[in-house]
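Undergrad: Could you build the full structure based on these sequences and the hints that come with them?
Residues per chain are reported as follows:
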Amino acid sequence: MRSDRSQSAPRGLKIAAAAGLAFLHLPILLIFVYAFTTEEKSYQWPPPGLTTQWFAATWARPDVWQALGLSVQVAAISTAIALVLGTLCAAAVSQTRFFGREAISLLVILPIALPGIITGIALRSAFSLAEIPFSFWTIVLGHATFCVVVVYNNAVARFRRTSGSLIEASMDLGADGFQTFRHVILPNIGTALLAGGMLAFALSFDEVIVTTFTAGQQQTLPIWMLEELVRPRQRPVTNVVAMIVVLATLLPILAAYYLTREGDQIAGAGK
Amino acid sequence: MSVQAVTGATDVAAAILPKRGGFAGSLSDLLWRRPGLLLFLMLAPPLLWLGVVYIGSLIALLAQSFFSIDEFSGLISRELTLKTYGDLFQAANLDIIVRTVTMAALVTLASAVVAFPIAYYAARYARGKWKALFYLGVMLPLWSSYLVKIYAWKLILAKEGILTWLFAKLHLSWLLDSWLSLPVVGGNSLSVSFTGTFIVFVYVWLPFMILPIQAALERVPGNLVEASSDLGASPGQTFRNVLFPLALPGIVAGSIFTFSLTLGDYIIPQIIGTSRLFIGQAVYAQQGTAGNIPLAAAFTVVPIVIMGFYLWGAKRMGAFDAL
Chain A
54 MRSDRSQSAP RGLKIAAAAG LAFLHLPILL IFVYAFTTEE KSYQWPPPGL TTQWFAATWA
114 RPDVWQALGL SVQVAAISTA IALVLGTLCA AAVSQTRFFG REAISLLVIL PIALPGIITG
174 IALRSAFSLA EIPFSFWTIV LGHATFCVVV VYNNAVARFR RTSGSLIEAS MDLGADGFQT
234 FRHVILPNIG TALLAGGMLA FALSFDEVIV TTFTAGQQQT LPIWMLEELV RPRQRPVTNV
294 VAMIVVLATL LPILAAYYLT REGDQIAGAG K
Chain B
695 MSVQAVTGAT DVAAAILPKR GGFAGSLSDL LWRRPGLLLF LMLAPPLLWL GVVYIGSLIA
755 LLAQSFFSID EFSGLISREL TLKTYGDLFQ AANLDIIVRT VTMAALVTLA SAVVAFPIAY
815 YAARYARGKW KALFYLGVML PLWSSYLVKI YAWKLILAKE GILTWLFAKL HLSWLLDSWL
875 SLPVVGGNSL SVSFTGTFIV FVYVWLPFMI LPIQAALERV PGNLVEASSD LGASPGQTFR
935 NVLFPLALPG IVAGSIFTFS LTLGDYIIPQ IIGTSRLFIG QAVYAQQGTA GNIPLAAAFT
995 VVPIVIMGFY LWGAKRMGAF DAL
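Residue numbers (our numbering), protein chains in the order written: chain A, 54 to 324; chain B, 695 to 1017.
In short, the hints are calculated from the structure, not lab data.
Note that this is a predicted model, so its numbers are computed, not measured.
One or more of the hints may lead you astray.
To be verified - Pairs of lysine to any residue residues, derived as SDA-like cross-links and limited to a Cα-Cα distance of at most 20 Å, are as follows:
| no. | chain 1 | residue 1 | chain 2 | residue 2 |
| --- | --- | --- | --- | --- |
| 1 | A | Lys-67 | B | Tyr-829 |
| 2 | B | Lys-853 | A | Leu-79 |
| 3 | B | Lys-843 | A | Ile-306 |
| 4 | A | Lys-94 | A | Phe-108 |
| 5 | A | Lys-67 | B | Lys-853 |
TA: Here you go:
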């Protein structure tokens, strides 16, 4: 039991916690300021002047649009594959007990538990051994592999809270397996899948380490950014792209949070 | 719920309801009668994918570490040999391994120190709206773009950037300059020094440390801390004897992430750091420009082995319950 007495935290703890949170957030906010700077050649602070011209310059860049398009396509297809595989796996693991259940959980988590460079170079050496040329699908292959775990985690958490007797009741009332899935299971796990799908999309959209090994000459948006970081061509355009990426990943994360917040992720919130 | 009860239920249903017609209906009945088949159909696609694509690739990689490269022709000979592992233990490569492991250990320590107050405040004092704010405050940086975060630090640590400006405003430029003139941690500017690499590593992996510590601290009853101070312990003693031991599984769980991620990263030290390599960069260079895939594969075995031992130790400390 937690004590109900409302106490205030010691001042030192407050300061340390606030400083920690500031450390986490200020650097990202700084990007927003740099997107408006008039300085082109360096990262000068404070910015000598403010302008919105770089938004137009970024809009007119075909390479940015191409990279963005590829990233969105890869993320969409990887998320779709991960949704199917992750849900199947979660349903099997949470609804039934069988030999090797623990091993399956481990297998699903392994692609993000091991450093990305291992996944990346493993895929690359497998492609080269099997003489598979780099293509759109080699990127998807890599991304879907580590997206499965995000969907799986969300779905498993929801299945655990969904009572098995609901499914039995549906079957007893004469629904066949597909009707039960359509009318009972899907509405129950729908928001968890949506949340998992959004996080998987964000994960794939942002992935760079595995992608450098599986993309060949193709440029996803993170690879485009990496190129700009290593060999800067037009720094203000990079600033604008960075700001847009922050905003674009913010929305799915907030949405996923609101979809699952009744759940166990924030256990203890109301205590 | 036993299997008998379930089949009993279907027998009753079959007695009342007409047999289902159509392909979908009979398929559904078949799956209901044979749960093993349903389980097989559910598990086959994900296991085939992960087993073939992922495990298959890992085995292909490990196999290649037993091949070797012909020094004269530059071609890879596909004969099993331990020669590549011999190359791995040359002094230059050992340097890389020691440097990376040291960095990973320092980053893990620093993240734990920075993460603890945030996790403790969120677990014990934040309520309602503040609790949600803390949660989002950790989740947003965790999920926001990895490259953008590194880019932000490139802006901050640049010689003409905000940090240099801040030190100048506070009349502390001498402090920054003397730090940068130190042998190992210093450099031309923060963005080309190990100090910079270290700060960015801590920044990028910090949320991975906060979440498990918070999860561990949520389970510590508040009255335990009160009891400790009622019995006369100073806040420092309470921390050492009550809070820290209870938070330790969470810290170890978080350190799995910070340690493993630092071991394998090659982008952060490439963009913010010196020209001295880390394991990830060595792997990347060996497989790319050098074309020595066997040595690259052997290099990746190092973090796998280290993490294997680390996970084994963490499991013994009960860290997995805090995940």
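Undergrad: Compare the structure with each hint and give your call.
TA: Hints, one by one, checked against the model:
no.	hint	result
1	A:Lys-67 / B:Tyr-829	holds, 16 Å
2	B:Lys-853 / A:Leu-79	holds, 19 Å
3	B:Lys-843 / A:Ile-306	holds, 16 Å
4	A:Lys-94 / A:Phe-108	holds, 17 Å
5	A:Lys-67 / B:Lys-853	violated, 32 Å
Checked against the numbered hints given earlier, the structure breaks only hint 5 and satisfies all the rest.
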